[in-house]
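S.K.: Starting from the structure of chain D, add chain C where the hints point.
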Amino acid sequence: MTDFSQLGEDRDLARRVAAGDPKAFDAFFREYFPRLYRFTLSRIGSDESLAEEIVQRTMVLAMRKVGKYRGEALLFTWLCQICRNEMAAVFRQRGVEAERHVPLEDNPAVQAALESLASDGETPETLHSGEELARFVRVTLEYLPAKYATALEMKYIQGCSVEEIGAELEISGKAAESVLSRARAAFKEGFRSLWDFEPDFLLD
Amino acid sequence: MSDKDRIEEQQNDDQTVARLMHLAGPRAAIPADVERRVYGAVRSEWELSTRRRNLARWTLPLALAASVIVAVGLLQREPVAPLVAVGTISRVTGPAAGLAVGDPVHRGATLRTGPGQGLSITTSDGVSLRVASGTEFTLKAADAISIAAGEIYADSGERAYLDRHMSIDTPIGSATDVGTQFSVRYSGDAMSVAVREGRVNVIDQQDQPSARIADVGERLVLRPGQDVTMERVSVRDPSWGWAVALAPAFDIESASLLDFLKWAARETARELVFEDDDLRMEAMRTVLHGSVTDFTPDEAAESVLSTTGFRYRIDEQRIVITR
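If you're matching them up, the sequences are chains D and C in order.
For the first sequence, position 180 matches number 180 in the numbering used here, and the numbering has no gaps at all.
For the second sequence, position 185 matches number 389 in the numbering used here, and the numbering has no gaps at all.
These are computed hints drawn from the structure, not numbers from a lab.
In this text the structure is predicted, and so the values were computed from the model without any measurement.
Treat each hint with caution, since some may be false.
[As the list claims (entries may be wrong)] Subject to a maximum C-alpha distance of 25 Å in a straight line, what follows is the list of computed DSS-like cross-link-like pairs (lysine-lysine): (1) D/K147 with D/K174; (2) D/K147 with D/K23; (3) C/K208 with D/K188; (4) D/K23 with D/K68; (5) D/K65 with C/K466; (6) D/K188 with D/K174; (7) D/K188 with D/K147; (8) C/K466 with D/K174; (9) D/K23 with C/K466; (10) D/K23 with D/K65.
Chain D extracted, bound-state conformation (with noise of 0.2 Å):
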C-alpha cells in the first residue's frame, strides 16, 4: 500500500535536496545511506569495500539525478532501483555473474513460490531456516524510515526505554512512544506487503 503523506514527504525532501538546501541533503544522507548500505550488504555478501562503492555510486548518481524524482514511488525505492542497476554495472565490469548475488526476494521464482505456498495455506517456515526468516526481517526492517527501524531495535533488541528512544530521536517520550507504534504497525505491514504473509502466522 502507497503511504501518500510519505511521498509527499519524500517530494519536499528532494525538491530542497535540488534547490541546494545543506539541511535538507544531510538529513536525506543520515536518511538513506544507512538503509542503503545495510540493503546492498545484504545482497552481496560481506564485502563491505564492495558495499561501500556500490552505494556511493548509488547516492552520487542520486544527486544528479534527484531533480528529475517526480514523487511517483518512495525515495527509498527510487534509490533501491539505482542501487540495483548499480550492482549489476559493477559485477558486470567486475566479470562477476550477476545471478549468483540475487536474493531470494528479488527472485520473481521465489516470490511466486512463495506466494502460491502462503495462498495455499502452508507454512513458509518449513522451507526457512530460522536464518533466512532473520534475513527477513532486516530486510523488512530497511524499507522501513530509519526513525522507525532505530526505534524498534532500541525498544527490543536493546531494551530502551521510550524516554531514551526519544531522546536518540530528539523529541518526547511521549512522542516516542507514538513513534513506536507507528513503527510496529509499519513493521508488521512492510513484512505483509515484502513477504505476503503474517509476520506472527510465522511464528505460531
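M.R.: Frame of chain D; chain C shown alone:
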C-alpha cells in the same frame, strides 16, 4: 472492537515484533570511516550537481544575448546547428578575446585561440576542457570535439563510473577517455594522446583502422603511414603546466577545506595526505569563505592553507596536512 480487544491486539503485536526482532538480532553497524568517505563523495557531487542545475536554469535566457558576443569574439564560423548551449566559458587567459567567463558555447561552434590565448570550457556534462593557444576546434556536442589544429586537454572527472566520457577526434584518429585527464594534440602530420589519469581508447583511423589503449603516464603518437609510437610522460611533467593554469576557478565560498584540497591535489597531480582521519574530518568541517578566482591551483592552495589553522607542506608530489 472493545478496549479489551484493542489492548490484547496491541500486546500480540508487541510480542510478535519482539520475537522477530530478537530473531534478527542487531543490525550490522556501519563503520564510521565508510560513512565519512561516502558522505564526502556524495556531498561533493551534490554541490557540483546543484551548481550545474542552477547554471542550466540561467543558460537559456542568456543564450541569445551571449551568442552575439561569441560571434564577434573567437568564433570563426557561425554554428550550423540550432543554438543549443553545450558548455560554458570557465576561464579565459591572454589577450582580450571577446569571450567572458559564464558565456555559453553552442553545439557546432568552431572556436580558435590566437597566440598567447587560452580558453577553458565546462561542458554541460561537467567535463572540463582546456584549449591551448593556436588551437582551432569544433564542439560537436557536449561529449565530442573535433580538432583541426592545436591541443586540447580534457578532464572528465575522477568518478569514472558516472558514464561521462569525452571523444576528441582529428583527421588521423580519435581518442575517447574512460574517466580521466588527458590531452590530444594535432599538428597536421601527427596526433598525440597523453594520459595524466585513467585510460584512453585511441582509434587510429588511417588505412587500416586499429584501436590502442593509452595508460596513465603514456603518450601515444600517431603519424600517417607509420606505426604508433609510445613515449613516457610523467603526470607532473611541465608539459601539463598550460592545462593546469587553465583549470576553472574553484569557488571556495561555503565550500569545505577538504573539497578544495582534493581539487587542488588532483589538478596538480599531487597526493593529498592527512596525518590522521580526525584531521581529515576537521578539514571536511572547515568551511571556506572568499575567492581565489584569479589564482592557479598552486597559488590557490598556498593562499587558502595559509589562512587556516592547519599546518601543511606542499612538495612536488604531495600536499601534507599535519597538526
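S.K.: Does each hint fit the structure? Answer for all of them.
M.R.: Hints versus structure:
1. D/K147 with D/K174: holds, 15 Å
2. D/K147 with D/K23: Holds: D/K147 and D/K23 sit about 17 Å apart, inside 25 Å.
3. C/K208 with D/K188: holds, 21 Å
4. D/K23 with D/K68: Holds: D/K23 and D/K68 sit about 20 Å apart, inside 25 Å.
5. D/K65 with C/K466: holds, 24 Å
6. D/K188 with D/K174: holds, 22 Å
7. D/K188 with D/K147: holds, 16 Å
8. C/K466 with D/K174: This hinted pair is violated, its Cα atoms lying about 46 Å apart.
9. D/K23 with C/K466: Holds, at about 23 Å.
10. D/K23 with D/K65: Since the Cα atoms of D/K23 and D/K65 sit roughly 18 Å apart, the hinted pair holds (cutoff 25 Å).
Against the hints set out earlier in the document, a violation occurs for number 8 only.
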